[in-house]
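Colleague: Chains as they are written, first to last, in the working numbering: chain Y, 1 to 470; chain G, 1 to 491.
Among the hints, erroneous ones may be present.
[Said to hold, decoys possible] Calculated Cβ distances over 12 Å to all of chain G for the following chain Y residues:
(1) Ile3
(2) Gln24
(3) Glu26
(4) Ile78
(5) Ala118
(6) Leu298
(7) His305
(8) Glu439
[Said to hold, decoys possible] Looking from chain Y toward chain G, a few residues come up when the C-beta cut is under 10 Å (computed):
(9) Asp312
(10) Gln341
(11) Trp342
(12) Glu343
[To be verified] List of simulated lysine-lysine pairs, PhoX-like, C-alpha gap at most 20 Å:
(13) G:Lys110 / G:Lys143
(14) Y:Lys264 / Y:Lys83
(15) G:Lys124 / G:Lys40
(16) G:Lys267 / Y:Lys83
(17) Y:Lys264 / G:Lys81
(18) G:Lys156 / Y:Lys83
(19) Y:Lys83 / G:Lys405
Worth flagging that the hints you see were computed from the coordinates, not collected in a lab.
Don't be surprised by glycine CBs; every beta carbon is placed ideally from N, CA and C.
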Amino acid sequence: MTIRLDDFTVQFDQGFQLSHINWQIEPGQHWVITGTNGAGKSALSAVLAGAGDRLSGSIDNLPERVGVVSFEAQAELIAAELKKDDADILDVISEGTPVREIIFDDCANPETACDLIARFELDYLLDRAFRKLSTGESRKVILIRALASNPDLLVLDEVFEGLDAATLSMLEQYLPTLANRVTMVMVLNRFDQIPEFISHVAYVEHGELLHQVRRNDEKSYAELYQLLHLKTTHLDVPPIDPDTEIPQLDSQQPLVRLNGISIKYGDFTLLDKLDWCIEANQHWQLSGPNGSGKTALLSLITGDHPQCYVNDIVVFGYQRGNGESIWQIKQFIGYVSTALQWEYRVGTSLRNVIISGFYDSIGLYSKCTDKQRQIADQWLALLGMRGRSDQPFNKLSYGDQRLLLIARAMVKHPPLLILDEPCLGLDDMNRQLVLALIEKICAGSETSVIYVNHHPEDCIKGIDNYLALK
Amino acid sequence: MSNNYFNSLPLRVQLAELGKCRFMHISEFPDGVAALKGKKMVVIGCGAQGLNQGLNLRDSGLDVSYTLRQAAIDEQRQSWKSATENGFTVGTYEELIPTADVVLNLTPDKQHTSVVNAVMPLMKNGACLSYSHGFNIVEEGMKVRDDLTVIMVAPKCPGSEVRAEYVRGFGVPTLIAVHEDNDPNGEGLTLAKAYAFGTGGHKAGVLMSSFIAEVKSDLMGEQTILCGMLQTGSLLCYDKMIEEGVDAGYASKLIQFGWETVTEALKYGGVTNMLDRLSNPAKIKAFDLAEELKGIMRSLYNKHQDDIMTGNFSSTMMADWANDDKELLGWRADTAETPFEKMPAGDMEISEQEYFDNGILMIAMVKAGVELAFETMTAAGIIPDSAYYESLHETPLIANTIARKKLYEMNATISDTAEYGCYLFNHACVPLLADFMKGIKSDVIGRGLSVDDNGVDNARLIEVNAALRSHPVEEIGATLRGHMADMKKIV
Numbered sequence: 001m002t003i004r005l006d007d008f009t010v011q012f013d014q015g016f017q018l019s020h021i022n023w024q025i026e027p028g029q030h031w032v033i034t035g036t037n038g039a040g041k042s043a044l045s046a047v048l049a050g051a052g053d054r055l056s057g058s059i060d061n062l063p064e065r066v067g068v069v070s071f072e073a074q075a076e077l078i079a080a081e082l083k084k085d086d087a088d089i090l091d092v093i094s095e096g097t098p099v100r101e102i103i104f105d106d107c108a109n110p111e112t113a114c115d116l117i118a119r120f121e122l123d124y125l126l127d128r129a130f131r132k133l134s135t136g137e138s139r140k141v142i143l144i145r146a147l148a149s150n151p152d153l154l155v156l157d158e159v160f161e162g163l164d165a166a167t168l169s170m171l172e173q174y175l176p177t178l179a180n181r182v183t184m185v186m187v188l189n190r191f192d193q194i195p196e197f198i199s200h201v202a203y204v205e206h207g208e209l210l211h212q213v214r215r216n217d218e219k220s221y222a223e224l225y226q227l228l229h230l231k232t233t234h235l236d237v238p239p240i241d242p243d244t245e246i247p248q249l250d251s252q253q254p255l256v257r258l259n260g261i262s263i264k265y266g267d268f269t270l271l272d273k274l275d276w277c278i279e280a281n282q283h284w285q286l287s288g289p290n291g292s293g294k295t296a297l298l299s300l301i302t303g304d305h306p307q308c309y310v311n312d313i314v315v316f317g318y319q320r321g322n323g324e325s326i327w328q329i330k331q332f333i334g335y336v337s338t339a340l341q342w343e344y345r346v347g348t349s350l351r352n353v354i355i356s357g358f359y360d361s362i363g364l365y366s367k368c369t370d371k372q373r374q375i376a377d378q379w380l381a382l383l384g385m386r387g388r389s390d391q392p393f394n395k396l397s398y399g400d401q402r403l404l405l406i407a408r409a410m411v412k413h414p415p416l417l418i419l420d421e422p423c424l425g426l427d428d429m430n431r432q433l434v435l436a437l438i439e440k441i442c443a444g445s446e447t448s449v450i451y452v453n454h455h456p457e458d459c460i461k462g463i464d465n466y467l468a469l470k
Numbered sequence: 001m002s003n004n005y006f007n008s009l010p011l012r013v014q015l016a017e018l019g020k021c022r023f024m025h026i027s028e029f030p031d032g033v034a035a036l037k038g039k040k041m042v043v044i045g046c047g048a049q050g051l052n053q054g055l056n057l058r059d060s061g062l063d064v065s066y067t068l069r070q071a072a073i074d075e076q077r078q079s080w081k082s083a084t085e086n087g088f089t090v091g092t093y094e095e096l097i098p099t100a101d102v103v104l105n106l107t108p109d110k111q112h113t114s115v116v117n118a119v120m121p122l123m124k125n126g127a128c129l130s131y132s133h134g135f136n137i138v139e140e141g142m143k144v145r146d147d148l149t150v151i152m153v154a155p156k157c158p159g160s161e162v163r164a165e166y167v168r169g170f171g172v173p174t175l176i177a178v179h180e181d182n183d184p185n186g187e188g189l190t191l192a193k194a195y196a197f198g199t200g201g202h203k204a205g206v207l208m209s210s211f212i213a214e215v216k217s218d219l220m221g222e223q224t225i226l227c228g229m230l231q232t233g234s235l236l237c238y239d240k241m242i243e244e245g246v247d248a249g250y251a252s253k254l255i256q257f258g259w260e261t262v263t264e265a266l267k268y269g270g271v272t273n274m275l276d277r278l279s280n281p282a283k284i285k286a287f288d289l290a291e292e293l294k295g296i297m298r299s300l301y302n303k304h305q306d307d308i309m310t311g312n313f314s315s316t317m318m319a320d321w322a323n324d325d326k327e328l329l330g331w332r333a334d335t336a337e338t339p340f341e342k343m344p345a346g347d348m349e350i351s352e353q354e355y356f357d358n359g360i361l362m363i364a365m366v367k368a369g370v371e372l373a374f375e376t377m378t379a380a381g382i383i384p385d386s387a388y389y390e391s392l393h394e395t396p397l398i399a400n401t402i403a404r405k406k407l408y409e410m411n412a413t414i415s416d417t418a419e420y421g422c423y424l425f426n427h428a429c430v431p432l433l434a435d436f437m438k439g440i441k442s443d444v445i446g447r448g449l450s451v452d453d454n455g456v457d458n459a460r461l462i463e464v465n466a467a468l469r470s471h472p473v474e475e476i477g478a479t480l481r482g483h484m485a486d487m488k489k490i491v
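The shape of chain G in the complex, shown without the other chains (with noise of 0.2 Å):
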């Protein structure tokens, strides 16, 4: 088994590696892609990202080909479809490895180990091996040949929206750092900046941040608020509203669509601004159901946090990674079972509104999971800038994966490393909130308050909304949301 880089290191080096997020100013990058011009980079894996990523740097103006397994090529699967009629250069490890400037590594995190071990004594002395995400180096302590550069470039966001979002002539927000034991020339930094401009990343702002920090907060967010509450929400909620005499079909839409409109309000303005699409009393309820929501699970989320800084997460998962999937595949299986699963959407009207008024139990589960996941993250040393990415910033996308088809197909397309962590967190939190469930009825999810009017007591509402407005999460996320805005002006 592989050695825990993190835990190889000295708590202050730990600490200060945790701390590293800086918002990086488009100033920044006045050389442009000029480090990467004329250099050859090597894209390994032809997915969604490693597809886009490239299109988007070879527009730069940058040469970029695809290696991909000697089998792939053969049989012409999908991967070596994608680049051929893209028009890109593509051949084996052998052929192209060893001319690389550049070898981009936009293979899934389960693949890293055996990936690089084999590319890596194909690659020429001191040329640049990028990831997407640290788990590879952080959680399983690959060791790089000493005179190579190691690089991060993470762009927050799915890859078909990096490509979009380029062509639009604007970027996605993109996190990079470098691996500081695998930084021989001191170029890191200047290949990172290059590589984020080359896909657009500056204009809509780069992180910088370290491999220690991405993936420490990465695996924290993607396991609770992001997939695990989602999860465990859409569950609980639909057997909820099924019990209490609600439409299956209705039950079911408002469950699939509901997280993304009400995370929409999240997007635009925090906490605060999803809440302040309720009514006063239902505002009130929301705010008081997602007390006790924080109350019965922060143990769970300081769990998470714990393992995954332990390394205890990546072990247990690695664990079934080499049991083939075993667990993970087991509990996809069962998901498709799950009674919300198997219900389609009812095809009645739901109006925006509606899915804020009918789904205050959803809203406080939202705001629940992103504020412990938050409250944790920092809690455990990663600055507020990363926490709020991790958390807040990305809940929307995942929203969007069930709007589309459900928990399944969520579970099917995230990351490797997120679908394990979110099985976990489902498998305690359901449990955890049997209690809970069994005091919650229809008013706050499916039919909406039934009260004759919508006063409040004055000095109550004020608390309730002084809190909401004053958690750290909403201080750092209106700074950043404040950057984007400056540059993305249609927001």
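In isolation and in its complexed conformation, chain Y is listed as follows (with noise of 0.2 Å):
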């Protein structure tokens, strides 16, 4: 049966509105939503699955089985293992749910399940805490519990972000063998990545579905791709704030040294030995599939993990391990990662997200300065956000969080700066704009760049180290 929109409009709880959506899926067809950032791409496919409140118009025709696959899916089901955490009171450690409850409690088809288990060899994480999971390893459970639902419809929200090389292109090949049994709608950020037996693209802006392309209509393809691409403006990174001081480290020694370092959990060890070190002004591309320990080697740098202290690690001069406070080590270092992103669910505006920057917590807990405002503000007119400095953070679309994390993270000019895939789940515009300034970062000497990501067309001028982990 045809999927069938007329002139729906609806609404969302953070008082985001699609409008006037006039839109007919046939079936046979598969779909591709394209867009910017906070255009409405994940709303019109949520829309598929019975989100929203209705305001005027009709839906008719949806299929009573849909599976969902998306960061807004992924996150909620981390925050709910989260919450039970949180929950807990005095003096119990939450495990958390294993992964194999989350993928075969209320499975419709088991046997899809441990096939994709097999397929993604995931049988090594069913005894693990779901929460306990890398990002790409949760991407993974979530993928299978959607396609193991036995669904009439597959939204497909960013299917593919978050992968690495060889899970991406496994999924790559599955899917068509899906095509002709399931309606497949996909939210895609990269036209590169958009699979051939997508019939269809529909360009979303400012909550209206503005066009409708057919695949093989080249031309209107070609366009739709054009407009996508509009040009990033010219980039100025806004000042230092001469009164937040970051103590001047020693340009002849090394930012960090990690000597013969090792993270052990009983007796999993996912690093063994390992030696890095990182001169002031080098910069620094950090690769490796899922799972293979780039987050936890990043964070043994931060002081997130427990196990720096067990470790032979020097940072900004501290030997670790030797009395020195965590917060004496974060004021080095500016930090963005997907992990953060899901952390930083407080309500806060905008412009205190960027100042938070400038003493290294979650949220803002101290009184800020006018020069700090003025500096904030700067940097949310360079992302394009001028005149929102007031709105809060929890209301922006998931890409626009990102731009604001990083922007965050460099406020304070860091000599160190890590990026743990910075564009994960940012359309192509945005995608290149982050790019732009972490390639202007990496021009300027004063901050050094770790960079981690999956994709290689991805890659960055002025980075000419490289760490790759198996």
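Take the two lone chains and join them into the complex the hints point to.
Modeller: Pasting the structure below:
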């Protein structure tokens, strides 16, 4: 049956609206929804799973079983797991729900689930707590859950993001095998990732469905691609705050020196006797498959990993474990990651999120200066969010939140900037903006960058040191 | 049997100690962790409090290690794994206690006597022993060696939150105290302040209190409003809804998540805000029900406070401890068998506002419980600041555990003293409210008021609003939440 949206207007709880959508998805069609960050791509795909409150118009023939994979769905499940831990009173350490339960509870098609677990090689994860998985690992679990639910419609919102190269190509081969059984609607930020079986592309802007293009209409297809490649404006990085002093470092000494470091959980060894030295003004790219320990390695440097105290680590002149406080270390580091974004569940203003970068806190707990407010507003202007300083952070789209967190990390011009998959979940235009920003930071001499990503095409001019984990 | 320390004191001292509780300004912590710098801190126990406090203290630049009983080490129990995986040194009492400058006793109350008796002979001369709850000193009369300094540092949140807030760059409200009988060098307060700073507590607000005020108010709060009232209310409200023909899944869900939802409003704006979330007719209804409940339950609240003050409560509980927790474990098993506990929450959607509209009686119970606990504590000489933290402030935290996995979970995870108190309260309160419950219909629990319009009498509404806003718990609440808001902009 044809899914039919007629002059459909729908509201979401953040006040966001999709307006007057006219759209038909016929049996046998497969759609990609594209557009800029915050345009309503995810919202439009979520409508197919019943999200939002109808204001006017109609939506008909929605299938009963809809499988959904999205960052929102992933974040929701993780938030639910974290909440279980938050609620834990007094003296019990919650282990969290094991992956096996997440996948197999209410599973319509356990055979498919088992088959996918084998294809993804996830057997080793089944008994681990879901919330302890890495970003990429938990993404695969969500994917298996949706694929194994016997859906009539699959909604795949940025499904390729956060997967390592091996998993990505496996999935790219697997999805076409579903194409003649299940209707698929994908949200994709990259044109170059649109699979062959996709028959139509929808372009969303400001909550409206502006263009619908057949895949085989080459001219319109190319124009749509152009539209997404709007030129970015000239970038000028806002100045440093003269009152927020980061102590001078000895430029002859490396920023970071890891000597034969290891990370072990019980009998399981994640990293074994690794050496890594980062000199001032060196830029590094760190890569490796999901679960290879990239984030754990970085958190040894930031001090967020408890085993930083049992390894030989010198950061910014401090030999770890000699009475230094974690805030003395963090003042030298700017940090962005998906996990940080999930942690940043606070209803504070955009301006305060940027200012919190001066204090290395999540949320703002200190009185800030006028100068800091001014610098924050300059960063917002740079990101195309001028005049939105007082809006709440948690109402921003996923991609806009990321841009803001990068500004937060850079606001103090730290000697070391760590970008853990900074482009995850961003559309083409914002990805270009972010990459241009990172190139600019690399070109200046004051900040060294560690850049983690999966995509070889996201390479950055100026980065010429590489560390690959296995 | 042990000697009750509180009862050994003259009335003058008892009153002075009960009245101690002062909110400390962040400017009173200029020296940070300096007093503990380079000293060896050894934590006994690696549960949620032990582990998370230790992680914070280490990240603040302090030297932290863990001591466990030989058996826990040999069998590589969870506590051993937690400490080891987090990169801490772990050793037996004999190995680590003699090297310690500060020993942090973060074991459950019930183990305190045996733990302290085991470690005290091993502690070096002039060292410091720290508690996070004063029961062992105040109720069991533990005599600590004269040369040792005894302090208390008690974060007023679950261990997981103690860590999460620190990592964000903030902290949780923390109560500190010095045991006056054991402060030979006069350094107790300095050490307690440095310790609170190391856990991040200074950023969220430190309350300077006494062992006695902490114990007598903590016991009262946890057994009446916090656990007792929510337990009793859950069982009575559920049974009433079933009797009235409300769908069982709906009734189960309304209660399991209702406490959390309505007390969230309490956390932000006190009892006033919680009732302001109701329509005017519903607000007046809730107010009247709460007044009636207060009338019925006041004697029970008084009895609990009296038993806590005389030591009768703790001696009864210790007798059950000595009897292998027979009463308590039997009751815990009974709770698991109640209809509310056995009925899973339905999968219907209940909006945030609906929890208020259809849970008028639950709101009345929270109001009555909070106000009674506060009134009873302050009448017994506990000052309003303490009484506020031990009643209103902690209610949402407990409501949270019910939302997670209902009453059995709440009782299994709260402290042993809280659970025993809850048991006593529930036993007395259910029959006490039997007649009251006969007059209750589903309009105040389960379905919401069925009124044609929301009109109310002006004079009556003004009267109710004034009574709500002028209650003493609201006055102190506004002041203390003001302190918090100054520092924690994001709340």
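Colleague: Go through the hint on Trp342 (chain Y) and say holds or violated, using the shortest Cβ distance to chain G against 10 Å.
Modeller: Not OK, violated: Trp342 (chain Y) not within 10 Å of chain G, min 12 Å.
Colleague: Is the Cβ of His305 (chain Y) more than 12 Å away from each Cβ in chain G?
Modeller: 9 Å, violated
Colleague: Would the stated hint for Gln341 (chain Y) survive a check requiring a Cβ distance to chain G of less than 10 Å?
Modeller: Gln341 (chain Y) check fails; min Cβ-Cβ to chain G is 14 Å, beyond 10 Å.
Colleague: Compute the least Cβ-Cβ separation between Glu26 (chain Y) and chain G, then decide whether it is above 12 Å.
Modeller: At roughly 31 Å from the nearest Cβ of chain G, Glu26 (chain Y) sits farther out than 12 Å, so the non-interface label holds.
Colleague: Do the alpha carbons of Lys156 (chain G) and Lys83 (chain Y) lie within 20 Å of each other, as the hint requires?
Modeller: 18 Å, holds
Colleague: Does Lys40 (chain G) lie within 20 Å of Lys124 (chain G) when you go C-alpha to C-alpha?
Modeller: 12 Å, holds
Colleague: Are all beta-carbon distances from Ile3 (chain Y) to chain G longer than 12 Å?
Modeller: 23 Å, holds
Colleague: Would you check whether the claim that Ile78 (chain Y) is not at the interface survives, using Cβ distances to chain G and the 12 Å cut-off?
Modeller: 14 Å, holds
Colleague: For the pair we were handed, Lys267 (chain G) and Lys83 (chain Y), check the Cα-Cα distance against 20 Å.
Modeller: Holds, at roughly 17 Å.
Colleague: Is it the case that Glu439 (chain Y) keeps its Cβ farther than 12 Å from each residue Cβ in chain G?
Modeller: Given that every Cβ of chain G is farther than 12 Å from that of Glu439 (chain Y), nearest at about 30 Å, it holds.
Colleague: Does the structure keep Lys264 (chain Y) and Lys83 (chain Y) at a Cα separation of 20 Å or less?
Modeller: Cα-Cα ~26 Å, so violated.
Colleague: Sort out whether Lys405 (chain G) lies within 20 Å of Lys83 (chain Y), counting only the CA atoms.
Modeller: 12 Å, holds
In terms of the numbered hints stated before, the structure departs from hints 7, 9, 10, 11, 14, listed from lowest to highest.
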